[in-house]
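Asker: Each chain, written out:
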Amino acid sequence: MTLLEAAAALRRREISSAELTAAALQRIERLNPSTNAMQTVMAEAARERAKQADEELARGEGRGPLHGIPIAVKDLFSTKGVRTTGGSLLFEDYVPDHDATVVEWLRAGGAVLVGKTGMHELAYGITSSNPHFGAIRNPWDRDRIPGGSSGGSAAAVSAGMVAMAMGSDTGGSIRIPAAFCGVVGLKPTYGRVSRYGVMPLGFSLDHMGPLTRSVRDAGAVLNVIAGYDPRDETSSRRPVENYVPDIEPSIRGLRIGLAENFYFERLDPDVDAAVRAAFDAAESRGAQIVPLRVPDIAAINTVARVILLAEASALLDPHLEQRDRFGPDVLALLDQGRLLPATDYINAQRLRGAMQRGFADLWSRVDCLFTPTTPITAPRIGETTVGVPFGPGGESEDVRLAATRLVRAINALGLPAVSIPWGADRRGLPIGLQIVGRPFEEALILRVAQALVPGEVPVPRL
Amino acid sequence: MSTDWKKDWKKIARANGLAIPDAALERIAQSLDALEAEFRPLARALPPDAEPAVVFHADIEPSHDRILSHDRILSHDRKGVEDAE
Numbered sequence: 001m002t003l004l005e006a007a008a009a010l011r012r013r014e015i016s017s018a019e020l021t022a023a024a025l026q027r028i029e030r031l032n033p034s035t036n037a038m039q040t041v042m043a044e045a046a047r048e049r050a051k052q053a054d055e056e057l058a059r060g061e062g063r064g065p066l067h068g069i070p071i072a073v074k075d076l077f078s079t080k081g082v083r084t085t086g087g088s089l090l091f092e093d094y095v096p097d098h099d100a101t102v103v104e105w106l107r108a109g110g111a112v113l114v115g116k117t118g119m120h121e122l123a124y125g126i127t128s129s130n131p132h133f134g135a136i137r138n139p140w141d142r143d144r145i146p147g148g149s150s151g152g153s154a155a156a157v158s159a160g161m162v163a164m165a166m167g168s169d170t171g172g173s174i175r176i177p178a179a180f181c182g183v184v185g186l187k188p189t190y191g192r193v194s195r196y197g198v199m200p201l202g203f204s205l206d207h208m209g210p211l212t213r214s215v216r217d218a219g220a221v222l223n224v225i226a227g228y229d230p231r232d233e234t235s236s237r238r239p240v241e242n243y244v245p246d247i248e249p250s251i252r253g254l255r256i257g258l259a260e261n262f263y264f265e266r267l268d269p270d271v272d273a274a275v276r277a278a279f280d281a282a283e284s285r286g287a288q289i290v291p292l293r294v295p296d297i298a299a300i301n302t303v304a305r306v307i308l309l310a311e312a313s314a315l316l317d318p319h320l321e322q323r324d325r326f327g328p329d330v331l332a333l334l335d336q337g338r339l340l341p342a343t344d345y346i347n348a349q350r351l352r353g354a355m356q357r358g359f360a361d362l363w364s365r366v367d368c369l370f371t372p373t374t375p376i377t378a379p380r381i382g383e384t385t386v387g388v389p390f391g392p393g394g395e396s397e398d399v400r401l402a403a404t405r406l407v408r409a410i411n412a413l414g415l416p417a418v419s420i421p422w423g424a425d426r427r428g429l430p431i432g433l434q435i436v437g438r439p440f441e442e443a444l445i446l447r448v449a450q451a452l453v454p455g456e457v458p459v460p461r462l
Numbered sequence: 001m002s003t004d005w006k007k008d009w010k011k012i013a014r015a016n017g018l019a020i021p022d023a024a025l026e027r028i029a030q031s032l033d034a035l036e037a038e039f040r041p042l043a044r045a046l047p048p049d050a051e052p053a054v055v056f057h058a059d060i061e062p063s064h065d066r067i068l069s070h071d072r073i074l075s076h077d078r079k080g081v082e083d084a085e
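Here the protein sequences come in this chain order: A and B. If you count the first sequence from 1, position 73 lands on 73 in my numbering, and the numbers rise without skipping. If you count the second sequence from 1, position 38 lands on 38 in my numbering, and the numbers rise without skipping.
No lab work stands behind these hints: they were computed from the structure. Hints should not be assumed to be uniformly reliable.
Stated by the list, open to error - List time: in silico EDC-like cross-link candidates among lysine to aspartate or glutamate, alpha-carbon distance up to 20 Å: (1) 7/B <-> 26/B; (2) 11/B <-> 321/A; (3) 10/B <-> 317/A.
If you're wondering where the values come from, they're calculated on a predicted model, not measured in any experiment.
Produce the entire structure from the sequences given, and follow the hints as far as they go.
Answerer: And the structure:
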């Protein structure tokens, strides 16, 4: 059941928030041992909050579509009185005295927080194989990673524990797990959703957004969490709009960019075929496909990596004497960041501005871009490189670099992007289609996404 | 200008007083060299008038709470411990 379907059933009194919450907690109890999606379960608080929600609804005090709906948030969103670890030993005992803005606004919208989802350590990686709190497993194949860093959120939504879980995305950390777990993952424009109260990784690259089982659900959540927050200096004052697309929206006449360079290079053949079919699907619904060359995405990726290495290492520098409190992959990245000169960071930010202007020209020719979210489907847990059978002679690529290759640049550009499930590979693993739009055009990319995936996404049988 | 030289990451770490073990430096050297090779030509081609994307605003509103820093999280932790004591 999707979030909006549950909300409609609540309004019709066909089900109560207490029943929805009990069902969520039962499913977590049954499936968490094999997926490790939830880091902390807040059963008692959730039952109490659900009871209140039912009482409010009975009095006619509805707060909107999230009222009474069980949800979860990634364990880097501060939650008042509830441990928030960031997937790190550094914060294993940290209990915030306040909620992150996103949590505050979700609670104000009536959502019932049932728990915190597991994640890659410090959100700095894409496997979610956390050395301190255990590997999170993909509900489609529990020998495989769910992606990351918001791996627990994607796994929890895919496994039907909750209809929505919040994630964060610094170099693809919402979209990659959404693709690997076959759910919808929305990364809004930088500044659209407050970062206040969320543990930072790369403060000029961090974005917050929902993972859901339908496109309309993602829009409904964005309606609640979008807006100006004075506690976040980078928060936008641009007015919000209704982000929930019509059930059967028109995309007639929209211009969809088909990149002739970069985005369709070195792909798993199943991914290539599936994503190319998305253009046919959009064209059959009246959209116009516009082949074009995109700016140098590899260069933007390089710039984004320099920025993230420097920002993350600057943030965590005071703790790097405690080397035994970090996993090896995260420590290796933090060490790299410490060795970059300040001039590289400044020059990367100078390049970023120039690249942003270069990319802006593209938006005069198209309304959005379709790309694969990832060039591969979910790798096995423990795999550090993936075979690239499509390269000359068979190449291998670092799993992290492969998974972030098609998504990282979008963080540096601050653009809105959504990953939707679009087919499966020969093993039945989900494939993600990424739709990228102009700044603050979340409503448009969600409309296009809804036209392609109008209902609940396919879910694994568990 | 020639770009065929490589940085000596061990010397850079020592010069900066960074306590990174040699074995860890050896593991990351290849990644850093690759990043260097990709980034250096881009930086060299920057026009002098390119401003950084992160800019300072003199007219910013007074703000109450800022984004969490890890330091602030841990100082809050310590305060919690002190309060408990």
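Asker: Hint by hint, work out which the structure violates, then give me just those numbers in ascending order.
Answerer: none
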